[in-house]
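Engineer: Residue strings, one per chain:
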Amino acid sequence: MDGRREDDRLARDQEEILRDPYEVLGVDRTASSAELQKAYRKLAKALHPDLNPGDKSAEDKFKEVGAAYELLSDTEKRARFDSGEIDASGAERPQRRYYRDFATGDDGHPYTSASGFADFADTNDALAELLRRAQHARANRQGQDLHYGMSIDFVEWNTGASKRLTLPDGSTLDVTIPPGFIEGQTLRLKGKGAPGFGTGGPGDALIEVEVLPDPRFAREGDNILLEMPISLAEAVLGGEIRVPTPAGEVIMSVPRGSNTGTTLRLKGKGAPRRGGGSGDELVKLKIILPRAPDPELEAFVSNWAKGKAFNPREGVSP
Amino acid sequence: MTMSKQEFLQSAGIDTQTVEFWLEQQWLLPEPTPAGPSFSDREIARARFIVDLKSTFQVNDEAIDVILHLVDQIHGLRYAIAQLRSCIPRPSAESSRDGNR
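In order, the protein sequences belong to chains A and B. Numbered according to the working numbering, the first sequence spans residues 1110 to 1427. Numbered according to the working numbering, the second sequence spans residues -2 to 98.
Hint data in this document are derived by calculation from the structure and do not stem from the laboratory. Treat the hints with caution; some may be incorrect.
Stated by the list, open to error - Simulated pairs of lysine to aspartate or glutamate, DMTMM-like, Cα-Cα distance not exceeding 25 Å:
#1 LYS1154(A) with GLU4(B)
#2 LYS2(B) with ASP1164(A)
#3 LYS1172(A) with GLU21(B)
#4 LYS1151(A) with GLU1194(A)
#5 LYS51(B) with GLU1194(A)
#6 LYS2(B) with ASP38(B)
As the list claims (entries may be wrong) - Some chain B residues close to chain A (C-beta under 10 Å, calculated; not the full set):
#7 ILE41
#8 ASN57
#9 ARG75
What the hints assert, rightly or not - Derived CB-CB ranges, DEER-like:
#10 THR1295(A) with GLU17(B): 49 to 57 Å
#11 ASP1234(A) with ASP62(B): 39 to 47 Å
#12 ASP1196(A) with VAL48(B): 22 to 30 Å
Even glycine gets a Cβ: it sits at the ideal position worked out from N, Cα and C.
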């Protein structure tokens, strides 16, 4: 029974392919080539499968119209057909896959637009939720943001730095860290993330920058702390000393009569501050005696009556 | 099947200048890869559709923009309808008998 049904179908297909091409195009046998073209265009526009994505029969009809036009638009073939030398099947076209066959699949692809129903998806019901899912599956999505981490040292932090980051896939990314970059902030490199979907464009690269501690400096908020050794002579008489800062060395004046624990402030030499400016560098002085005992110093101190009379532990211990 | 731009040009029967213009217009959106855009059968089918619009239907470039946008919306809607349909429970044989009663 199935065999007979198959035969019927084949016979029907045959019959359809062999329909009179003039009849297919709806023109007289005397139609001019301009009339043929006009009739063909009108039908093709109406029947193109990609303009009728939901009409399964459009493809066969479109093919039939195309075949009829191909036969009749060729003067020689048309003459042979008119004289009965060839039949309408001579102009059959090869199989073709239409765009609509690729456009309705389940996999997301970049062309389909959700702008025909985005407003329905914007409401607050169960239907909207389903539509939103369809919207997300089909929308031109921006590529994912990719996260990276890198570290800079204190000096780079203050002066700014250009660093090259090697990504897992072997490619590289040049990262410019501006001077005064705020620690904990993430650098965003536009368009350096994963490639997007369709017109969505690539995502961004987000780079978390860690500032490595520097053994010379301690941190206290925006301020950085430095313990600076000075000699007894510098402490007593004052003088100029060279002090390291993250931005390089500076000359600092040590006032006369400075002590261990005296803290001097170098304004604006600290860490960059959110909202502009920088913290300060606090230089804490520490008197260091000469490494080897010095007879001259010993002799001076043993004869130094005022020095002996001074009790540095007043109020601390009796 | 994916292919390079050169293979795509051969399969779709269009020239480099044409495809560059189409890419610029975003009529074709091949998948970006580190080795350059990767074209698929979908791009070929879409290219043939554009060729039909231009050559057979004599549609100008401005109108192709509009047509593709509308066609893409139709596919978006068709997909949304398909999604909705898949969520609606189909009536079982029993319940449809009940309905006929």
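Engineer: Looking back at the hints listed earlier, which ones does the structure fail to meet?
Structural biologist: Of the numbered hints, 1, 2, 3, 4, 5, 8, 10, 11 do not hold.
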